[in-house]
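J.: Chains as they are written, first to last, in our numbering: chain U, 8 to 198; chain F, 772 to 1045.
Hints were generated in silico from the structure; no laboratory data involved. Do not take every clue at face value.
Straight-line distance between alpha carbons at most 20 Å, and here's what the computed EDC-like set of lysine to aspartate or glutamate pairs gives [to be verified]:
| no. | chain 1 | residue 1 | chain 2 | residue 2 |
| --- | --- | --- | --- | --- |
| 1 | U | K54 | F | E1036 |
| 2 | U | K75 | F | E1037 |
| 3 | U | K75 | F | E994 |
Simulated coverage check for chain U against chain F, where a stretch passes if three residues somewhere in it have a Cβ under 8 Å from a Cβ of chain F [as the list claims (entries may be wrong)]:
| no. | segment |
| --- | --- |
| 4 | 102-113 |
| 5 | 118-125 |
Virtual Cβ for every residue (Gly too), placed ideally from N, Cα, C.
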Amino acid sequence: MSHVAARAVVIGASAGAVEALSHILPALPADYPLPILIVVHIPPDRKNMLAPLFQAKCRMVVREAEDKEPALGGVIYFAPPDYHLLVETEGTLSLSTDDLVLYSRPSIDVLFESAADAFGAALVGVVLTGANEDGAKGLKAIADAGGTALVEDPLSAYVNTMPIAALKECATARAMPLTAIADCLMKECAV
Amino acid sequence: MPNETEDIEFRLLLEALYQRYHYDFRHYAQASIKRRLRQARVQMGFANFSAMQERLLHDEAMLPRLLNYLTIQVSEMFRDPSYFRAIREKIVPHLRTYPSLRIWIAGCSGGEELYSLVILFREEGLEERTIFYATDINQDALDTASKGIYSLDRIKAFTENHRLSGGKSSLSDYYSSAYGGAAFDKTLRDRVVFSDHSLVTDAVFAEMHLISCRNVLIYFNRELQDRAIGLFRDSLPRNGFLGLGSKESLRFSAHAAAFGEFVREEKIYQRREP
Chain U
8 MSHVAARAVV
18 IGASAGAVEA
28 LSHILPALPA
38 DYPLPILIVV
48 HIPPDRKNML
58 APLFQAKCRM
68 VVREAEDKEP
78 ALGGVIYFAP
88 PDYHLLVETE
98 GTLSLSTDDL
108 VLYSRPSIDV
118 LFESAADAFG
128 AALVGVVLTG
138 ANEDGAKGLK
148 AIADAGGTAL
158 VEDPLSAYVN
168 TMPIAALKEC
178 ATARAMPLTA
188 IADCLMKECA
198 V
Chain F
772 MPNETEDIEF
782 RLLLEALYQR
792 YHYDFRHYAQ
802 ASIKRRLRQA
812 RVQMGFANFS
822 AMQERLLHDE
832 AMLPRLLNYL
842 TIQVSEMFRD
852 PSYFRAIREK
862 IVPHLRTYPS
872 LRIWIAGCSG
882 GEELYSLVIL
892 FREEGLEERT
902 IFYATDINQD
912 ALDTASKGIY
922 SLDRIKAFTE
932 NHRLSGGKSS
942 LSDYYSSAYG
952 GAAFDKTLRD
962 RVVFSDHSLV
972 TDAVFAEMHL
982 ISCRNVLIYF
992 NRELQDRAIG
1002 LFRDSLPRNG
1012 FLGLGSKESL
1022 RFSAHAAAFG
1032 EFVREEKIYQ
1042 RREP
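Just chain U, with the same shape it has in the complex (with noise of 0.2 Å):
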């Protein structure tokens, strides 16, 4: 395994995202240094209620991206409903509204290639529980781009479509409970 330390954080999740998130987010520290960019699948006519929820629970800041900022350390950012979330090479956020990827918008793939191309080896990518099989494509790029691969283990997902399709496409992705995905981002961050 590659030894770059991370420079950022990629989360994709579907159905059952909120009980997942919350066994991940929640266990990191106000000062973790890197940037945590997640795509959860919501219907494109709601409110994101997903910062101010997270918000509650965490003790990183919790925000919705906003399109051109940079990707701070020690920020959780959520695509906005209806727009994919993607991250420029000099590592800003970009928000679009090209079509829907997998009949999602946002995509865990568009985001997850795009930081693949932004981070290369410094990137850690994660795939959570979910009923379809986006994320897949963008973890394997992750991987193919010396990222690391992580996946929340099928037998104990909520949804295990998204899981399985992530491990099938990503040969050296990792399968873990989510207690120890939050370990391994603790890990990752540091050299």
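Use these hints to put chain F onto chain U, whose structure you have.
T.: Same frame as chain U, now just chain F:
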């Protein structure tokens, strides 16, 4: 490192597009553009961006095909109904005070937003005194917009959006089924001027009372966003209105001081004293 090579090829491709055809995507937000070009590369069967570049330089027929990947944006009529409700309830009362109106839909793509505004203005009795300028850099998009035919499976969402926007008529009053789609009434285009215009390279062309430019700026980098917003600033007299997409803002713009928030939650701004 294959990605580094691809990055070089990607920049060269954009440079070729600019030098050969004067379409300048070099300062667009790169992540989306690269994603679209990768899609084009795969679907057109090129091994890499260099092969695409060679074809682009030597075969003019490649240009419109590539532009369709780079610029076509599928929207909905009355997308974000609350935006159109705000135009109707908060902007229209101001616009009524002018004897004639000029409205600019910048980056009109397939025309969904244009028809939404024309219908809204007709419902409010303002259409007759208004000229709508619908601009885009993609000729195919302008052609689509000037035909006004949308596939029938999209009409349900359009109709619901229109209702939520406070529509005072039935959307079905404005189209008829034809060519396997919904063809919008050609009289909706009586007051529309379609024109090729680039926010990246072209200048101000008229004084406007309202500019609607939604989900276009997110495709630009900061510098280009500022150029476009500068054009809007210079196109608007005092008290003119600018409407942006729900996730766009003037907060970080060099021109922020030239605008005040008019309907904050809908990203509708008003031009301040020059």
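J.: Residue count check for the segment 102-113 of chain U against chain F: does it reach three with CB-CB under 8 Å?
T.: This one holds; 5 residues, not fewer than the three required, reach chain F with a Cβ under 8 Å.
J.: Taking 20 Å as the top limit, are the C-alpha atoms of K75(U) and E1037(F) close enough?
T.: OK: K75(U) and E1037(F) at ~19 Å, within 20 Å.
J.: Tell me if the straight-line CA distance from K75(U) to E994(F) falls inside 20 Å.
T.: 11 Å, holds
J.: Verify the proposed pairing of K54(U) with E1036(F), using a straight-line Cα cut of 20 Å.
T.: 12 Å, holds
J.: Establish whether the coverage given for the segment 118-125 of chain U by chain F is satisfied; the threshold is a Cβ-Cβ distance below 8 Å, and no fewer than three residues must meet it.
T.: holds (count 4)
Of the numbered hints listed earlier, not one is contradicted by the structure.
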